[in-house]
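Peer 1: Use the sequences and the hints to build the structure in full.
Position 45 (the sequence shown) corresponds to 45 in full-length UniProt numbering; numbering is contiguous.
Don't take every hint at face value.
[Stated by the list, open to error] Below, a list of computed lysine-lysine pairs in the BS3-like style, where the Cα atoms sit at most 25 Å apart:
(1) K65 - K75
(2) K20 - K62
(3) K91 - K20
(4) K32 - K42
(5) K65 - K44
(6) K62 - K32
(7) K40 - K79
(8) K40 - K62
(9) K39 - K79
(10) K42 - K78
(11) K78 - K172
(12) K71 - K20
(13) K24 - K79
(14) K71 - K32
(15) K78 - K39
(16) K44 - K110
(17) K71 - K42
(18) K168 - K24
(19) K32 - K78
(20) K20 - K110
(21) K32 - K65
(22) K71 - K91
(23) K39 - K71
(24) K40 - K91
(25) K167 - K181
(26) K172 - K184
(27) K110 - K184
Since the hints were made in silico from the structure, they are not lab data.
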Amino acid sequence: KLRDKIKSSKDLKKFSKELKNIEKEITLFHAKAVNEIIKKIKIKVDFIGFHGQTIYHDAIEKISKQLGDGKLLSKLTKKTVVYDFRQNDLKNGGQGAPLTPIFHGLIAFKHKLIPPNIFINIGGIANMTYLGSQITGDGGSVGTEWSAHDLCLGNCLIDQWIRTHSKKNFDKDGKIALSGKINKAVLTHALNNYYESELFWGLQNKSMDPRDFDLSFARGLSLEDGAATLTEYTADILAKSLDGY
Numbered sequence: 001k002l003r004d005k006i007k008s009s010k011d012l013k014k015f016s017k018e019l020k021n022i023e024k025e026i027t028l029f030h031a032k033a034v035n036e037i038i039k040k041i042k043i044k045v046d047f048i049g050f051h052g053q054t055i056y057h058d059a060i061e062k063i064s065k066q067l068g069d070g071k072l073l074s075k076l077t078k079k080t081v082v083y084d085f086r087q088n089d090l091k092n093g094g095q096g097a098p099l100t101p102i103f104h105g106l107i108a109f110k111h112k113l114i115p116p117n118i119f120i121n122i123g124g125i126a127n128m129t130y131l132g133s134q135i136t137g138d139g140g141s142v143g144t145e146w147s148a149h150d151l152c153l154g155n156c157l158i159d160q161w162i163r164t165h166s167k168k169n170f171d172k173d174g175k176i177a178l179s180g181k182i183n184k185a186v187l188t189h190a191l192n193n194y195y196e197s198e199l200f201w202g203l204q205n206k207s208m209d210p211r212d213f214d215l216s217f218a219r220g221l222s223l224e225d226g227a228a229t230l231t232e233y234t235a236d237i238l239a240k241s242l243d244g245y
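Peer 2: Here you go:
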């Protein structure tokens with residue numbers, strides 16, 4: 001709910017007290033989970049990589065805010081904690097997502113995948129990694145055809161619709177969408193507008209935010225029909241965004 005209120009970097013200051021309280025809760029939750037996992041697996045942990053929960057991201061402003069106190073987590077787990085990945089990447093000219101391509105490169109190497117490969121990670125925003133060359137054992141590339149960037153919207157509009165029109169946070173297993181009907185007139189109009197917009201042509205290969213995408217076209221639909229229409233809308237855009245690869 002609070003994340004939906006953070007529409008600009010100014011709102012980070014406006015809601016700073018609430019954000020600080022939630023950040024502590026998130027950190028305590030992570031610390032408890034980490035300590036339980038360490039106790040269960042009984043292996044030596046050298047350090048912890050802590051991403052936190054993204055509340056605001058704008059690569060143009062070079063501002064990325066994740067909720068999660070790395071120092072507190074280190075104190076509670078008695079481990080070295082590496083954190084603030086996104087902000088440091090932005091300061092060094094990146095788009096704020098430095099780890100995903102390396103992870104995908106290691107997966108490709110482990111499973112001996114023959115390039116070219118595309119990995120798609122669908123969160124609120126869908127991002128992709130393109131691996132067009134042989135991957136070495138350390139996750140690096142021996143060629144130059146290796147890139148990663150945000151692709152298009154992911155689950156952000158569907159999640160926002162569910163949060164707004166029900167007491168749930170997301171459409172688990174797509175059951176709500178499956179129980180509804182796609183409104184083809186609304187869908188066609190929305191897709192035509194999107195593919196003709198600056199949003200589609202101007203955001204390619206750049207960092208995206210859920211706030212870049214508009215939910216208003218689904219206004220007036222039932223919970224189920226809205227979920228079904230938004231799911232089809234998202235899938236169509238995702239497929240079109242992969243054209244050319």
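Peer 1: Compare the structure with each hint and give your call.
Peer 2: To see whether the hints hold, each was checked on the structure:
no., hint, result
1, K65 - K75, "holds, 21 Å"
2, K20 - K62, "holds, 21 Å"
3, K91 - K20, "holds, 23 Å"
4, K32 - K42, "holds, 16 Å"
5, K65 - K44, "violated, 30 Å"
6, K62 - K32, "violated, 32 Å"
7, K40 - K79, "holds, 16 Å"
8, K40 - K62, "violated, 39 Å"
9, K39 - K79, "holds, 13 Å"
10, K42 - K78, "holds, 15 Å"
11, K78 - K172, "violated, 36 Å"
12, K71 - K20, "holds, 14 Å"
13, K24 - K79, "holds, 18 Å"
14, K71 - K32, "holds, 15 Å"
15, K78 - K39, "holds, 13 Å"
16, K44 - K110, "holds, 23 Å"
17, K71 - K42, "holds, 23 Å"
18, K168 - K24, "holds, 24 Å"
19, K32 - K78, "holds, 12 Å"
20, K20 - K110, "violated, 40 Å"
21, K32 - K65, "holds, 22 Å"
22, K71 - K91, "holds, 21 Å"
23, K39 - K71, "holds, 21 Å"
24, K40 - K91, "violated, 37 Å"
25, K167 - K181, "holds, 21 Å"
26, K172 - K184, "holds, 23 Å"
27, K110 - K184, "violated, 43 Å"
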